[in-house]
Structure formats: C-alpha cells, structure tokens
Amino acid sequence: MNLYLKYLSIQFRSQLQYRASFWLLTLGQFFIPFSVFAGLYLLFDRFGQLQSWSFFEVALIFGVIHMAFSVSECFARGFDAFSSLIVRGDFDRLLVRPRSMALQVLGSQFEFTRFGRMLQSAVVLAWAIANLPIDWSFAKAVTLLLMIACGVLIFTGIYMLFATMCFWTVQGLEVANVFTDGGREMAQYPLNIYGRWVKMFFTFVIPFGCVNYLPMLYILGRTSGPSIGYMAMPLAGALFMLPCLLIWRIGVRHYRSVGS
Amino acid sequence: MRVFVSIWRLRFLLGMQYRTAALAGVATQLFFGLIFIMIYVAFYAQGSANAADISLEQIVSYVWLQQIFLSFIMLWYRDNEIFQLITSGNIAYELCRPFGIYSFWYAKLLGQRLSAAVLRCLPILFVVYFLPGPYRLQAPPSPAALTCFLLSLLLGLLLVVSVSMLIYISVFWTMSPTGSTLVISVAGEFFAGMIIPVPLMPEWLQKTANFLPFRWSADFPFRVYSGQIPVREAIGQIPAQLLWIAALLAFGGWSLRRALRKLVVQGG
Chain A
1 MNLYLKYLSI
11 QFRSQLQYRA
21 SFWLLTLGQF
31 FIPFSVFAGL
41 YLLFDRFGQL
51 QSWSFFEVAL
61 IFGVIHMAFS
71 VSECFARGFD
81 AFSSLIVRGD
91 FDRLLVRPRS
101 MALQVLGSQF
111 EFTRFGRMLQ
121 SAVVLAWAIA
131 NLPIDWSFAK
141 AVTLLLMIAC
151 GVLIFTGIYM
161 LFATMCFWTV
171 QGLEVANVFT
181 DGGREMAQYP
191 LNIYGRWVKM
201 FFTFVIPFGC
211 VNYLPMLYIL
221 GRTSGPSIGY
231 MAMPLAGALF
241 MLPCLLIWRI
251 GVRHYRSVGS
Chain B
1 MRVFVSIWRL
11 RFLLGMQYRT
21 AALAGVATQL
31 FFGLIFIMIY
41 VAFYAQGSAN
51 AADISLEQIV
61 SYVWLQQIFL
71 SFIMLWYRDN
81 EIFQLITSGN
91 IAYELCRPFG
101 IYSFWYAKLL
111 GQRLSAAVLR
121 CLPILFVVYF
131 LPGPYRLQAP
141 PSPAALTCFL
151 LSLLLGLLLV
161 VSVSMLIYIS
171 VFWTMSPTGS
181 TLVISVAGEF
191 FAGMIIPVPL
201 MPEWLQKTAN
211 FLPFRWSADF
221 PFRVYSGQIP
231 VREAIGQIPA
241 QLLWIAALLA
251 FGGWSLRRAL
261 RKLVVQGG
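Keeping their order, the protein sequence lines are chains A and B. Under UniProt numbering, the first residue of the first sequence carries the number 1, and numbering increases by one thereafter. Under UniProt numbering, the first residue of the second sequence carries the number 1, and numbering increases by one thereafter.
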C-alpha cells in the first residue's frame, strides 16, 4: 500500500510538469462525458421520457457508471496501457523486482486528468439525487456506494483481461473497447430497453447489470420481493474480478519477452 | 502531384498491414451501432410526435453511416508521428524536403483516413444491409441521392482533414498535443451530430451547428443519403461545403507559415 501511494505521488508530480496541457486535458475530460450527457438530456428534452424512465432516473444511472469508469481509468490505467510495456520490453524490468506484478503494473501509469471526468460524474450524480423523490435510508446509501465500487472492479477486471491478452498478441486489441467504452455507453441507459442478447450478455458474462441496473431498481423503489438480493447484487458483480486475476497469473507465467 | 500520390500510397499500404486490428474495429463498430440503434428504437417506440423531423429509418441509416465512415469523420484520428516531429525538433528534416509541408501532411492524413475506411467500410456495409428488422440499413431513395451523398461525403472528408490540420498546427504553440486536440474534437464532434443527430437537437443548437463547419463533414452527407435532405436542396448546399474548405485551407496555410517563421529548432 505504501508503495502504491509512492507511485501515486511520483506520477502526479510528473504529470503536473506540463501544466497548461494538464489543465486543458482535465477540462477536456470534463467535457467529453459532458457532451454525452448533453446528448442524453436533449433526447429526453425531445421525447419526454424513455419507456417509463424519467430523465433524472436515467441521469442517476449515467452518473454511477461514469463515476466507476473514470475512477478505474484514473487508477487502473497501468493495465489499460499495458501493451506499451510489453512492446518496449519494459515488462522485464518489473519482473526482476521483488514486488507483486499486479501492483507494479498498476503503479506504472495513472491518469490524473480523469479528475475532470470524476467531477463531471459527481455533478450529474448530485443533480440527479437532488431531483429524485427517493426516501433515503442507510441501506440505500450503502448500495449506491457499493454500485460504484464494484463497477470500478469490473472495469479494472476488463483492463486486466485484455492486458493479459497482450502476453500473446503483443499489440493491444481494439475489441477491448466493446467491453469498456461499449459497456459504459450501454450501461448509461436502463438495461431493460435493450434486446435480449445484450441483457443476457451484460448480466451474466460481464456483469454491468449487476452493479447498475438491478440495484438501481431497489434504490428507485421499483422492486417487489426481498430487497437484500438487490442490495447484494453489486458484490455478485465484483466476483467478475476473480477469474480476471486468475488469468492474469497464468499470463504472467507464460510471458516471453519480445527481446528489445 | 506524383510525390503526393506516392506518399498516399505508402500510408495506404502501412494501414493495410494491420488487418486483424481492422477486423476487431469492425466488430467494435457493429456493436456500437447496434447499441445506439436500440436506444433510438426505445425512444421512438413511445410514438411521440415530437420526433417528426426525422424518422426512425433515417436515424438508423444515420447511425450506420457514422460507424461505417468513422475514420472519415472523427476529428481525433491523430497521427502521433506529426506530433512527435514537432515536439522533438525533427521537424527540421521535414523542412528540408523539397515540397510544401502543408500539402505533404495533408496528403498523409488523407491517405491514412482513406486506408482505414477501405478496410472497414465494406465488411460493415455487407453486414448491415442484411440485418433483420429495424436494424437494417436502407438503400438511398434515388440514384441522384446516392451520387449527392458520395460527393458531399468526399468534400466532408477534405473538410475534416483541413480542420485536423489546424489541430496539428496548434501544437507549434502548445507543444503538447493532447489538451488542444481534446477540446476541439469534443466540441467538433458534438456539432457534427456524432453524439445525437443534428435534427434531434433543439432549434437554437441546430442554428449554432449550422454556423460551424463541423456538421458539413458528417451530418450533411448522412442526411442526404437517407433523403432527409432532398436532392434539390442538397445541391444548393454543396457550395457551402466548398466555401468552408477553401476558408480552412487558406487559414491553415497562413497559420502554418506564421508558425514556421517563429520556429526555432535547437541543435542536437
């Protein structure tokens, strides 16, 4: 943990060296999801509602998934950009150090400009919560936090999975975008508007539905039956991380350097 | 001219090397297209009359064309080589070459986008014409619309490259590409109708979009394709595209000359 914090502070200072660009980037990161959110707002502006979902309900869903995404992009960037470590052969250097591989890769890169994105998601979240007639309870607040935390784990798991692929393919794969960016785009609307195969895939294979749509039903008071099942859903989603870690282990053992 | 053709050809061949990457890209774009269409289908299923400006079929072709010609229309398709040239000082070599740097880069960027499109266009086109139900891409209403679409798409491509040239040139001042690219491309893509189609925007935003160059690269050709803008009207608007291209080319050339005059490359 100490080491991780050290990595954090080094990266933070080095990124602040290009000050103007850093702030511009942060600002840009604020505006990317902002324009997507504006699109969502404008669609509701024109159509009124989306099949029984009101604008603020969807905004809450949007806020949760974007928060999870931006946090994972900021702190798990090392895995996201892993192919560059392999291509340059820098991974060998990590291997000879007596620390955990996963930790070192995690520490190899952070994207602090994603703060802009986090800020934007936080604003959306706050705005949506302020405008929704939810009677908050402790359990609901915990569920909301769990949703974000487990969402981060899922995104990180996907990064790890595709980082592991790099052991065999060397180059990063663009398909990863389907699961990260695509998952994000998909999960910012309620899952029930999609076709059957999309629902199935994103509930049982990559469990975005578990950290977003299902517990959200509970928070918005749309459920029938015992609520504990809905509350625990995010934890079930977080199980996704386990096979990812396992595959990562296998990948590290199979690693052969590119020799450059 | 021969120089540019050969630069173009080199870029093209380079792009062709990454076939697997292209295949992965095709899968990605199909997925995104499907997701977007599902969202619009859900919105339109409510049968609200507010959306009368553009029909669901027209939206579907709008979305698919966006995915198919993504490499033509996206602004952030950037060439890190050029950025590195500028920040590392290797631009000095570029300046020694016996032809204009503006047109050299322009040809390079154009070739890159074309090769990316050729690899992705046909497979996606093939798939989306055979999709079931609401997801299928409809053929354009008339041959005239198709011709008009192709013409305006090509002009749009020239326009996008001219805009992205400005982004490269801005690096001469900022020295770090990421920030300025991001801000311009986010705004540009929004007003090109990449987030939501321009006809679905409220009145005042549509007016803003009409004032800016961006929508002429994507929104305009796609609406011509689906017949949302009739052929007769489209022919009347193509000169606006030409005007924008001319203006952007002139401005780009001028600012590049200014940047080069101030340029200092330290030895090494």
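These are computed hints drawn from the structure, not numbers from a lab. Cβ atoms here follow ideal geometry from the backbone N, Cα and C, with glycine treated the same way. Careful, some of the hints might be misleading.
[Claimed, not checked] Listed next, with one range per pair, are the computed distances between beta-carbon atoms:
| no. | chain 1 | residue 1 | chain 2 | residue 2 | range |
| --- | --- | --- | --- | --- | --- |
| 1 | A | Tyr18 | B | Pro134 | 43 to 49 angstroms |
| 2 | B | Val127 | A | Leu145 | 40 to 46 angstroms |
| 3 | B | Tyr129 | A | Ser224 | 40 to 46 angstroms |
How the hints compare with the structure:
1. For Tyr18(A) paired with Pro134(B), a C-beta distance near 47 angstroms keeps the hint of 43 to 49 angstroms intact.
2. Remark: the range hint 40 to 46 angstroms for Val127(B) to Leu145(A) is upheld by a beta-carbon distance near 41 angstroms.
3. For the hinted restraint 40 to 46 angstroms between Tyr129(B) and Ser224(A), the CB-CB distance of approximately 43 angstroms keeps it satisfied.
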